[in-house]
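Following the hints, put chain B with the ligands in place on chain A, whose structure we already have.
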Amino acid sequence: MATTPSSQNQFIHRLRRLAASQGPYLALALLLLVCAASSPAFRRPQNLLNITRQVSYSGIIALGMTAVIIGGGIDLSVGALLAFAGTVGIMAMNTCDNPTAGLTVAIVVMLLTGAAGGAINGALVTIGRLPPFIATLGTLSIFRSLSLYLAGAGLTTARHDVFMQVGGAVIGGVPLPAWILLLLTALGAVLMTCTKLGRHICAVGSNQRVARYAAINTGKVTLITYVLIGLLAGVSAFLLGGRLGSISSSTAGNAYELDAIAAVIIGGASMAGGRGSMTGTLAGILILGIIANILDMWGVSVYLQGAVKGVVIIIAVLLQRPQNQQA
Amino acid sequence: MLSVSDTIIATEGIGKTYGTVPVLREIDLRLRPGAILGLIGENGAGKSTLIKCLNGMVAPTTGTVYFDGKPCRSLTVANAIARGIVTVPQEFNLVNDLTVAENIFLGQELTSGFGLLRRQEMADRTQAILNRLNVTLEPTQRVGALSVAEKQCVEIAKALTTPCRVLIMDEPTTVLNQREVKTLFQLLRQFSQQGTAIIFVSHKLHEVRAISTEVAILRDGELVAQAPTSELTEADMARRMVGRELNQLFPELPAAPGAESAPVLEVENVSVPGLLHDISFTLRQGELLGLAGLVGAGRTELAETLYGLHRPSSGTIRLFGRRVRFHSPADAVQAGIAYLSEDRQGAGILTDFALTANITLTSLARYCHPFISRREEQHRAEHFISRLAIKTTSTQTPLRHLSGGNQQKTAIAKGLDHDPKIFLFDEPTRGIDIKAKTDVYRIIHALLGQGLSGIFISSDLEEVIGLCRRVAVMRSGRIAGFLEDDQITEEEIMYLATGVKA
Ligand SMILES: Nc1ncnc2c1ncn2[C@@H]1O[C@H](COP(=O)(O)OP(=O)(O)OP(=O)(O)O)[C@@H](O)[C@H]1O
Ligand SMILES: [Mg+2]
Chain A
1 MATTPSSQNQ
11 FIHRLRRLAA
21 SQGPYLALAL
31 LLLVCAASSP
41 AFRRPQNLLN
51 ITRQVSYSGI
61 IALGMTAVII
71 GGGIDLSVGA
81 LLAFAGTVGI
91 MAMNTCDNPT
101 AGLTVAIVVM
111 LLTGAAGGAI
121 NGALVTIGRL
131 PPFIATLGTL
141 SIFRSLSLYL
151 AGAGLTTARH
161 DVFMQVGGAV
171 IGGVPLPAWI
181 LLLLTALGAV
191 LMTCTKLGRH
201 ICAVGSNQRV
211 ARYAAINTGK
221 VTLITYVLIG
231 LLAGVSAFLL
241 GGRLGSISSS
251 TAGNAYELDA
261 IAAVIIGGAS
271 MAGGRGSMTG
281 TLAGILILGI
291 IANILDMWGV
301 SVYLQGAVKG
311 VVIIIAVLLQ
321 RPQNQQA
Chain B
1001 MLSVSDTIIA
1011 TEGIGKTYGT
1021 VPVLREIDLR
1031 LRPGAILGLI
1041 GENGAGKSTL
1051 IKCLNGMVAP
1061 TTGTVYFDGK
1071 PCRSLTVANA
1081 IARGIVTVPQ
1091 EFNLVNDLTV
1101 AENIFLGQEL
1111 TSGFGLLRRQ
1121 EMADRTQAIL
1131 NRLNVTLEPT
1141 QRVGALSVAE
1151 KQCVEIAKAL
1161 TTPCRVLIMD
1171 EPTTVLNQRE
1181 VKTLFQLLRQ
1191 FSQQGTAIIF
1201 VSHKLHEVRA
1211 ISTEVAILRD
1221 GELVAQAPTS
1231 ELTEADMARR
1241 MVGRELNQLF
1251 PELPAAPGAE
1261 SAPVLEVENV
1271 SVPGLLHDIS
1281 FTLRQGELLG
1291 LAGLVGAGRT
1301 ELAETLYGLH
1311 RPSSGTIRLF
1321 GRRVRFHSPA
1331 DAVQAGIAYL
1341 SEDRQGAGIL
1351 TDFALTANIT
1361 LTSLARYCHP
1371 FISRREEQHR
1381 AEHFISRLAI
1391 KTTSTQTPLR
1401 HLSGGNQQKT
1411 AIAKGLDHDP
1421 KIFLFDEPTR
1431 GIDIKAKTDV
1441 YRIIHALLGQ
1451 GLSGIFISSD
1461 LEEVIGLCRR
1471 VAVMRSGRIA
1481 GFLEDDQITE
1491 EEIMYLATGV
1501 KA
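First to last, the sequence lines map onto chains A and B. Numbered continuously in the numbering used here, the first sequence closes out at residue 327. Numbered continuously in the numbering used here, the second sequence closes out at residue 1502.
These aren't lab readings, by the way, just hints derived from the structure by calculation. The beta carbon of each residue, even a glycine, is placed where N, CA and C say it ideally should be. It is possible that some hints are incorrect.
Every beta carbon over 10 Å from chain B, so not counted as near; a handful from chain A, in silico [what the hints assert, rightly or not]:
#, residue
1, L130
2, V162
3, L187
4, I216
5, L304
Partial selection, computed: residues in chain A whose CB lies under 10 Å from chain B [as the list claims (entries may be wrong)]:
#, residue
6, R17
7, R129
8, T193
9, R199
10, R275
The following label-pair restraints were derived from C-beta to C-beta distances [unchecked claim]:
#, chain 1, residue 1, chain 2, residue 2, range
11, A, A169, B, R1142, 53 to 59 Å
12, A, V108, B, E1382, 45 to 51 Å
13, B, A1335, A, L26, 45 to 51 Å
14, A, Y149, B, N1269, 56 to 62 Å
15, B, R1323, A, I315, 56 to 62 Å
Chain A on its own, in the form it takes in the complex:
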């Protein structure tokens, strides 16, 4: 009698551990199977490649959001920063007559603007000691309003075609943004799991006081996470702008921050900081992209898709709640 419950316990215990550590990947695999089985249109390679492109723009930002959230922060301003960096970058490009020079200027300006925007957020949080939610809510408004002002509330269109050629490039059948998302995920995973900085980000998010006592420069670590996400907003601005040939000051990057946060949470990170993973976030962003796509395929109203997304986020968090804590 003694052995049965304990071996059963053991089994349940293993299952829970598996679900806890591999949850996002299992969910992604399951979702893929269900969608592929239910819809031939979904299975088409072209459709799958489209999904990877669609998720890349917010996905790249979600990688930065992973670092920020693991470090105990949050960044609401990234969508607006994307629009701002994109607008400024295209304007700078348009001042160049030479297409190649223009392209170079665009990428440099977008990355720098993104990083600078991130540094401002980081400085407000560390030096200014503002709660990250408040600081980035403020800069969200500032970045969006600045891009509206610069672009007269309209589109900023690139004058060189090479910009669109790069943004629309397909390498080995896979769109460029998807390659970049993949590459950055791999780099991000190495950063978080194999480097001192990654470990320090986790430590600061887990308990800032302990991190400080352990001789970690907590301010610097936090600042770096915001610069990182800003930089990635610049990358995303370049790819999105290149895809469309323009950046809309009013709609570019809208709600990307929310998608990014959702992906990070679905990917298993803790909103309280200290825990999360880049590959989990990649799974999270793919889950969101696939759900949006299949709902389209099934002909579900666009207006209802947000509700489905919301339900998915809530279920993901419920599943990841620590099991053995009683109320």
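Coordinates of chain B with the ligands only, in the frame set by chain A:
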């Protein structure tokens, strides 16, 4: 043996298994009203787990808990408190942003007919209980700003204001001074006379002997004895806890470093506004300088200042002859200083991190070439696990799954791992068992022999007397005096610490 019907709280066949690891086996415990049970055992023996089975924090895997002789199924925290089972947990459970009074009445707020809080009454009652505990705290102080010992007092005060029939205290005295312990014991005796049963966990066996009427000894999750205290000497307790004879507690003191030994740390007239006044002392190579004083005397603040956490407003600090000004702990670590915080979970370790990652947290840079070498980290962790006898299932176990004493050992390992030249120990043996204490003492002495110098803060005077050849006694932010060799006695220390002859 007492029959279950005569008990206020009892267990039958209680067992708890985490994953596949059994941590409690077949515990049959019986407690009559008014009994004071000393619960002892090595680090990781299962004391806290047993307590959590009694107060509803943990659901036992097997067995039954009886309350008033009746079995209670599915005990939860809420209905345990409703039955009067009140706990002072090993790790604090206080809300830092609330005041002392708000914490004490959290969940049992006094309200008027309209649901409004009766603040004045709560403050008055808080003041009353603080007075009974003999601690100088204001009910309106924010808990986040309190020292560890003060937080401990708030935690105790909170338990004592809850109506209780069974009072469980998991290592309440680790950071308290003799004086506070004495007051606490007087209160506990009053409670016991009113019929409250008390379970008291401590690694200080003399305390267990002084307060308890009976003793229960846990070893590796098994109850190896429950006997009247009068039948056991301290040595008996230690032997039955560990399973073998323990030799002498304190190692032989090394010769005091003479005047020819180089000064490593010279502190001159250092003041930090509101914390320290005009502190001067010299620490020599190979010396362990004791720092004694009452709660709030400024010992921790002094250590923190040396570690770069507070900026002195005046005075100088010289390290190896060179003047230093630290802006952060990073500077101090760079200069070869390690600090073991008294606030284990608040400042010492990351409970969500694995054992390995905790040990290498401060010293991580030396494992990076440029990527973290997990193999080297693993080696280091294994080294410390065997050197400090840390009880854990693996090197990757998150620290929150380790017992309190084993978390403390990990915190010590973390400090040692960056090979400091000066180690500031703040309550290094907090919550670790008597065998591990002797290990820690030996390690400290071995390191002193190798040229480490240290400052040793402990509320356990016996420890200070046994380990240090020179002691600085602090009183309200100042050094009240130094004691050397034969002068170091409890009376002398208390005299300097309080300013009055006992
Ligand atoms: N949540 C958990 N998951 C896995 N193992 C656990 C968990 N909590 C405790 N343990 C293990 O159970 C054992 C008993 O722990 P417990 O905290 O009861 O010890 P203790 O007697 O209170 O020790 P200490 O004197 O150090 O406080 C330890 O070996 C610990 O590693
Ligand atoms: Mg314990």
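Right, here's what the structure says about each hint:
1. With a least beta-carbon separation of about 18 Å from chain B, L130 (chain A) lies farther than 10 Å from that chain, consistent with its non-interface assignment.
2. Annotated as non-interface, V162 (chain A) keeps its C-beta farther than 10 Å from every C-beta of chain B; the closest such distance is 36 Å.
3. The claim that L187 (chain A) lies off the interface holds: its Cβ sits roughly 12 Å from the closest Cβ of chain B, which is beyond the 10 Å cut-off.
4. With a cut of 10 Å on Cβ distances, I216 (chain A) falls inside the contact zone with chain B, its closest approach being about 7 Å.
5. Interface exclusion of L304 (chain A) from chain B stands, the closest Cβ pair being 38 Å apart, more than 10 Å.
6. For the restraint placing R17 (chain A) at the interface with chain B, the shortest Cβ-Cβ distance is roughly 8 Å, inside the 10 Å limit, so the hint holds.
7. Given hint, R129 (chain A) at the interface with chain B, is violated; its Cβ is 16 Å from that chain's nearest Cβ, farther than 10 Å.
8. Checking T193 (chain A) against chain B: minimum C-beta separation of about 8 Å stays under 10 Å; hint holds.
9. For R199 (chain A), the interface hint holds, since its Cβ comes within 10 Å of a Cβ in chain B; the closest pair sits about 6 Å apart.
10. Proximity of R275 (chain A) to chain B holds as hinted, the smallest CB-CB distance being about 7 Å (cut-off 10 Å).
11. Distance hint check: the CB atoms of A169 (chain A) and R1142 (chain B) are about 58 Å apart, consistent with the given range 53 to 59 Å.
12. Under the hint 45 to 51 Å, the C-beta atoms of V108 (chain A) and E1382 (chain B), about 48 Å apart, fit the expected range.
13. In this structure, A1335 (chain B) and L26 (chain A) meet the distance hint of 45 to 51 Å, their C-beta atoms being roughly 49 Å apart.
14. In this structure, Y149 (chain A) and N1269 (chain B) meet the distance hint of 56 to 62 Å, their C-beta atoms being roughly 58 Å apart.
15. Between R1323 (chain B) and I315 (chain A) the beta carbons are some 60 Å apart, a value that agrees with the proposed interval 56 to 62 Å.
Of the hints listed earlier, those the structure fails to meet are numbers 4 and 7, in rising order.
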